[in-house]
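J.: Residues per chain are reported as follows:
There are 2 protein chains.
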Amino acid sequence: MVDAEVRVELKKGVADPEGKNVEKTLSLLGFEGIGAVSTIKIYHVQLDEPNERRALETLEDMCEKLLANPVIHNYSVKIL
Amino acid sequence: MVDAEVRVELKKGVADPEGKNVEKTLSLLGFEGIGAVSTIKIYHVQLDEPNERRALETLEDMCEKLLANPVIHNYSVKIL
Chain A
1 MVDAEVRVEL
11 KKGVADPEGK
21 NVEKTLSLLG
31 FEGIGAVSTI
41 KIYHVQLDEP
51 NERRALETLE
61 DMCEKLLANP
71 VIHNYSVKIL
Chain B
1 MVDAEVRVEL
11 KKGVADPEGK
21 NVEKTLSLLG
31 FEGIGAVSTI
41 KIYHVQLDEP
51 NERRALETLE
61 DMCEKLLANP
71 VIHNYSVKIL
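Taken in sequence, the protein lines are chains A and B. The first sequence lines up with residues 1 to 80 when you count with the working numbering. The second sequence lines up with residues 1 to 80 when you count with the working numbering.
Only chain A is shown next, with the shape it has when bound in the complex (with noise of 0.2 Å):
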């Protein structure tokens, strides 16, 4: 089994009202000086896969397939 991370993120330029949300309650909050807050989504995937090549190739697959919208958002993918 390898432990890989998947790491899916907004483009630039696309919404992120979860982020705008958060930074409008720090504020609210009391903090001061925060500048744009952006959320970033990780999966943890356990694969059975001992070829690493072969482990992020079906990893780059699942975000094609499931994990990320390739319109909106970009992702990496890496074995920890």
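It is worth saying that the hints were derived from the structure and are not from the lab. Just to be clear, a hint being listed does not mean it is correct.
No copy labels: a pair is met if it fits in one copy or bridges any two.
[Stated by the list, open to error] List of simulated lysine-lysine pairs, PhoX-like, C-alpha gap at most 20 Å: (1) 20 with 65; (2) 78 with 65; (3) 41 with 78; (4) 65 with 24; (5) 41 with 11.
Fit chain B to the known structure of chain A by using the hints.
T.: Just chain B, lined up with the frame of chain A:
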């Protein structure tokens, strides 16, 4: 402005229905050898605080007050 990342993940033993659903859907899509899938949330925060130690303290304070629920989440902060 410093760029920081706050990583919020579920504690061991806490149910992660989103991860479980991804796991099941990947299998239904034909992916084989999938072990556990779990989800992690990253908040990318820009902070106007030149002192790194104080920035980290502020970020931990944000976790305690808003970003994480100490009952179910572990969190970690890092300056990029």
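J.: State for each hint whether it applies.
T.: Hints, one by one, checked against the model:
Taking the shortest alpha-carbon separations for residue 20 and residue 65, only the inter-copy value of 17 Å comes in at or below 20 Å, while the best intra-copy value is 28 Å. Taking CA atoms no more than 20 Å apart as the test, residue 78 paired with residue 65 passes inside one copy only; the shortest distance there is 17 Å, against 31 Å between copies. Taking the shortest Cα distances, residue 41 and residue 78 sit within 20 Å of each other both inside one copy (14 Å) and across copies (16 Å). In this assembly of identical chains, residue 65 and residue 24 lie within 20 Å of each other by CA distance solely across copies; the values are 14 Å between and 34 Å within a copy.
Both within a single protomer and between protomers do residue 41 and residue 11 lie at most 20 Å apart by alpha-carbon distance, with minima of 13 Å and 17 Å respectively.
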